[in-house]
Amino acid sequence: MKIFITGASGFVGGAAARTLARDNEVLALSRSEKSDATIKALGATPVRGDLKSIDAAMLRGVDAVVHCAAKVETWGPMKEFIEINVKGTERLLTAAKKAGVKRYVHIGTEAALFYGQAMNDLDETAPMAFSSPLPYPRSKALAERAVRAANADDFTTIVLRPRFIWGPGDQTLLPALKAMVKAGRFTWIDKGRALTDTVHVDNVVHAIKLALTQGKGGEAYFITDGGDPISFRDMMTKMAATIGLQLPDKNMPGWLARGAAGLLDFIWRLTLRRTPPPIDPHTAALLSRNCTLKIDKARRDLGYEPVITRDAGIAALMQAGR
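Start counting the sequence shown at 7; every next residue gets the next number (the numbering used here).
Please note: incorrect hints may appear among the correct ones.
Here are the simulated BS3-like pairs of lysine-lysine, each with C-alpha atoms no more than 27 Å apart in a straight line [to be verified]:
id	residue 1	residue 2
1	46	215
2	58	108
3	93	103
4	108	77
5	215	103
6	222	108
7	244	256
8	222	104
9	256	197
10	184	8
11	103	58
12	300	215
13	215	8
14	46	77
15	197	244
16	300	244
17	58	85
18	40	77
19	184	40
20	300	256
21	85	8
22	40	58
23	184	197
24	103	85
25	104	215
26	108	46
27	104	8
28	85	108
Hints listed in this document are in silico derivations from the structure and should not be mistaken for laboratory results. Computed from a prediction, not measured in an experiment: that's the story for all the values here.
Just need the whole structure built from these sequences, with the hints factored in.
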């Protein structure tokens, strides 16, 4: 199969490109010489361009697209999230259809349902957050809507919604934790008691491989590690331990964190600041609200079963960190 991947210089896209390149011809969108080198090291072929310049010529002869690229941040101007996550997705969909691509796998997120509320034991019938005040959730909801609406008899679109992706190659969580602890800025919210599902990057890649041939067009699927939910405190403490990092006990009540985040967000936007506030509304809500999800639909339609457990993944990270 000839597969075109976006976001291959990132965490999920890179893991997907490396795995898929073993048995397929993989092309990957690249914006720079540095990305070219990264993509080649994964066993894929770089295609120079970006989501603003993508066109059908770049996708000629491609059987399937895997769209992993996105602006994944918790704060910033809404228009930037819309431009990258929504309009970029729409351009890629248009190019793929014109090029005769038959299958399109979109890496979405459970955040596409998130207004700031607790999400307990949800399945895929839960309503999406098209009008969320939070930029990332709203943009991902709108992007997912475009992907699912593009499904047709000759163009199958599948959306995967992984939650709390972690594992080797993480470029976000562990570096951020380390920086926050070093700067003395790390604080638990509600003592880290909120429950969350998680998904190891190997399980996400496994779901992507399945979605290239399985699943119902125009549908979305939650993807998790499949075990019991875990508290943020337990998960983050275990992950920090894999790099020898001890997290402090400093704590802030959830109501205070959410209130402070809302006030800071208002001030930051009023004064047109470009750097994020110390805490933003998305982060405050994310870390103080449960998020637990059902994966029955993925099991049924995709044949998905996790290939690695949370405990095994943590043990492997611990071993690698020694």
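Here's how the hints hold up against the structure:
no.	hint	in the structure
1	46 <-> 215	20 Å, holds
2	58 <-> 108	22 Å, holds
3	93 <-> 103	15 Å, holds
4	108 <-> 77	26 Å, holds
5	215 <-> 103	21 Å, holds
6	222 <-> 108	13 Å, holds
7	244 <-> 256	17 Å, holds
8	222 <-> 104	22 Å, holds
9	256 <-> 197	8 Å, holds
10	184 <-> 8	39 Å, violated
11	103 <-> 58	16 Å, holds
12	300 <-> 215	20 Å, holds
13	215 <-> 8	13 Å, holds
14	46 <-> 77	23 Å, holds
15	197 <-> 244	15 Å, holds
16	300 <-> 244	24 Å, holds
17	58 <-> 85	14 Å, holds
18	40 <-> 77	19 Å, holds
19	184 <-> 40	25 Å, holds
20	300 <-> 256	32 Å, violated
21	85 <-> 8	33 Å, violated
22	40 <-> 58	19 Å, holds
23	184 <-> 197	19 Å, holds
24	103 <-> 85	26 Å, holds
25	104 <-> 215	24 Å, holds
26	108 <-> 46	25 Å, holds
27	104 <-> 8	16 Å, holds
28	85 <-> 108	30 Å, violated
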